[in-house]
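S.K.: For the record, the sequence lines run as chains A and B.
Counting along the first sequence from 1, when you hit position 325 you're at 325 in the working numbering, and nothing is skipped either side.
Counting along the second sequence from 1, when you hit position 311 you're at 311 in the working numbering, and nothing is skipped either side.
For the record, the hints were derived by calculation from the structure and aren't laboratory data.
A couple of the hints might just be wrong.
As the list makes no split between identical chains, a pair holds if one copy fits it or if it spans any two.
Pairs of lysine to aspartate or glutamate residues, derived as EDC-like cross-links and limited to a Cα-Cα distance of at most 20 Å, are as follows [to be verified]: (1) Lys205 to Asp117; (2) Lys169 to Asp364; (3) Lys205 to Asp352; (4) Lys111 to Asp193; (5) Lys239 to Asp364; (6) Lys43 to Glu54; (7) Lys418 to Asp254; (8) Lys43 to Asp60; (9) Lys64 to Glu54.
Keep in mind that this is a model prediction, so the values were computed, not measured.
2 protein chains.
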Amino acid sequence: MNNTKINTSHIINIGDEILSGHTINTNSSYIASTLYELGILTKKIIAIADDESEIITELDNSMKQTDIIFITGGLGPTNDDLTKNVLCRHFGLKLKFRPEVWDHITAIFAKRNMVPDEINREQALFPDSENVLPLQNSAGTAPGMHFIIDAKHIFVMPGVPNEMRSLMKEEIVPYIKENFSDNLYYRDINTTDISESSLYSILSKHPEFPFDCAIAFLPQGFGVTVRVKNFGKALERNKKVDSALIIIGSLVNDKIFTYDMKSPQHELVSLLKKLHFRLSAAESCTGGLFMNNITNIPGSSEVFSEGFVTYSNDSKFSILNVNPQTLSLNGAVSEETVSEMLDGLMAETKADIVCAVSGIAGPDGGSVSKPVGTVFAGFSLREEKKKHLRKFFFTGDRISIKEKASNKLMIEMIKYLKKEMP
Amino acid sequence: MNNTKINTSHIINIGDEILSGHTINTNSSYIASTLYELGILTKKIIAIADDESEIITELDNSMKQTDIIFITGGLGPTNDDLTKNVLCRHFGLKLKFRPEVWDHITAIFAKRNMVPDEINREQALFPDSENVLPLQNSAGTAPGMHFIIDAKHIFVMPGVPNEMRSLMKEEIVPYIKENFSDNLYYRDINTTDISESSLYSILSKHPEFPFDCAIAFLPQGFGVTVRVKNFGKALERNKKVDSALIIIGSLVNDKIFTYDMKSPQHELVSLLKKLHFRLSAAESCTGGLFMNNITNIPGSSEVFSEGFVTYSNDSKFSILNVNPQTLSLNGAVSEETVSEMLDGLMAETKADIVCAVSGIAGPDGGSVSKPVGTVFAGFSLREEKKKHLRKFFFTGDRISIKEKASNKLMIEMIKYLKKEMP
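The following block holds chain A by itself, in its conformation from the complex:
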């Protein structure tokens, strides 16, 4: 792998809510993955409190180590929001009231049928320097800031996720695209039903491993993603990655369910669109997660019309017509019950493909023969009149068992549809 210098970034999140663990730091992953796609590597992500000396220490450190710094949080109107004042003091800048920012704040409040308070005027104060550019926040009242100091770029955004995302999309990404060159290339291979160690073992036995690239193994809910990356000049680096992909593909072909997808739901919805298939689902243990994941994808209404959460035994009978005798003989968590759930869905809907899942997500409800984590899931195509059903055993807590079951059901469908469909 060559050593071309590439642009790097640090992300600094300011605020107690991340340090107390009550807010999951989705902002960082959003920023980092956005940068990754643009060829900028994030070298460090740091979360610290609303504390002047810590903010300054980390900022100074990062300015020594990296080119681009993203700061989120601490831009609210209340006294625990320090970021703007701290940065201005540190860089020796004054704040100035900006009437156009105040107009924007008033308009945002009006849209929500509220009136801004005196304290919101604080948010209309902006660093008075030509080295600080305002970033227009279309989703909230706090403007973002872009400092250009000592040839380093510092982007400052609110910590509220949708405000941060809108600033990234509308203001920062276009700037980065125009001003920083694209110099990283990677592709992902998503595998299932094989462990990280077995994958490594198979790949590393190949005489050319690591195929002149950097290879990383990323454990995921559905299995392991093999990431192949290379830096440098576009033509050369892309060629190396693509050749590595072909070799890896030939080594573990039967374990691969897709390349370069963002999530199983993303891939499944796009496959169903191509096939002009409509999907319907009946969920027991996953309790709506499967359908929630599907409907997170914009445009999913093209392929998804309806589905059922049949959580209780009664509802499996009353909604999906599962035979009460099947339930009492085999239990709700059984191949027989899931099979009849599929039959019920076929009868109740006009879907081209139906799927169903029933299992024990825990923490209670397990037994010796069916411990927590036992899941039956499957699908059926209307035109085939055949059922594809499997028993799974997932480890983890309630939420990770739900996630694994939902992902696995999607992956089973993806694998089948890719193989069997034209």
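Assemble chain B onto chain A, guided by the hints.
M.R.: Just chain B now, kept in the frame of chain A:
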């Protein structure tokens, strides 16, 4: 607020998957919130790459600044997993093969119907020192490590979330409970329908603000949480926080929907249990998220039997019997449609309380009269024969609109059930 010294921690996450943004750092929030409950404040969370010099730099830094350090990641069997070797080199320790760890690895593989590879033997190597204690990993093959060096505690765990969680629960929390004193106390007040700035403005006008406590404002999907905290001796600090709570309660009483809850679904499920109510839901724009959130709560099957995702117009008619004329006259996103969805649910289920939601989550489908973010949601109690319906307007992207709609519907029910029920 007094200044009693309290134990603090740093969390260091090692691995490319967080820096590339493809994995959301839920490990840190899990560890930080667990520590918070135990009275230990996390001062910094750092994510860095699998890179020897960066790991050492951050570790040395943290050992100077804090008492307890949590490291996750880089314990897998492959060549990009450096943590164990780096720590051993840094502290001058040798690795030794531990047969009992190897037995554990073999057993875990057997449970998954797999056989360990030669490369997994690497995971049975453990630092040969009485200052390093093994942490038993019941969910995976990599043992955790507890270094006690210069009176600092370094806990090292795998990055796979359910393995990390099981190590925290089974090994680390009991150790911390026994060895570190509890010296932080906080309580949360969850508000809705009021902005952070208005809340601050009302509270700060009180002559005793901040009531001898630290007050933080945390924006959430459902509104703003006011967190009141105090450190020090148990009796005194608890008294101060509880008094502050009473004052704040009297100042913004009508905006508070609950105290100290972890999530709206947590509160709603526990309320329904108390009332012996069963709930059923019909979701359009939220696409299963509402039911997924409900069924994330262990024991939710006591109060939740079934529900429907009626995404298409056809399904609102065929499953819930919404009048096609209602749909064509008012649209799927209308008070009239949601009202008939509630009627349909009452007829289709035996639930004591039913709820329904329909809206435009975007990015497409908005219009001038009903822009993206317009949501109608409501609920109805069987014994009352009355409908509680509201129109909302949420900002943000598709996923945050879904989240806000689901949370808001839960909060509306919580507020009503708390006020009206005995």
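S.K.: Run every hint past the structure and note whether it holds.
M.R.: Against the structure, the hints come out as follows:
In this assembly of identical chains, the alpha carbons of Lys205 and Asp117 lie at most 20 Å apart only when taken from different copies (13 Å versus 66 Å within one copy). Taking the shortest alpha-carbon separations for Lys169 and Asp364, only the inter-copy value of 17 Å comes in at or below 20 Å, while the best intra-copy value is 44 Å. Proximity of Lys205 to Asp352 under the C-alpha cut-off of 20 Å is found in neither arrangement, the shortest distances being 43 Å within a copy and 62 Å between copies. For the homomeric pair Lys111 and Asp193, the shortest alpha-carbon distance between copies (14 Å) is at most 20 Å, but the shortest distance inside one copy (50 Å) is not.
Taking identical chains as interchangeable, the C-alpha atoms of Lys239 and Asp364 are never at most 20 Å apart, the minima being 52 Å within one chain and 37 Å between chains. In this assembly of identical chains, the alpha carbons of Lys43 and Glu54 lie at most 20 Å apart whether taken from the same copy (19 Å) or from different copies (10 Å). For a Cα distance limit of 20 Å, the shortest separation of Lys418 from Asp254 inside one copy, 12 Å, qualifies, whereas the shortest one across copies, 55 Å, does not. Proximity of Lys43 to Asp60 under the C-alpha cut-off of 20 Å is found in both arrangements, the shortest distances being 15 Å within a copy and 18 Å between copies.
Both within a single protomer and between protomers do Lys64 and Glu54 lie at most 20 Å apart by alpha-carbon distance, with minima of 16 Å and 14 Å respectively.
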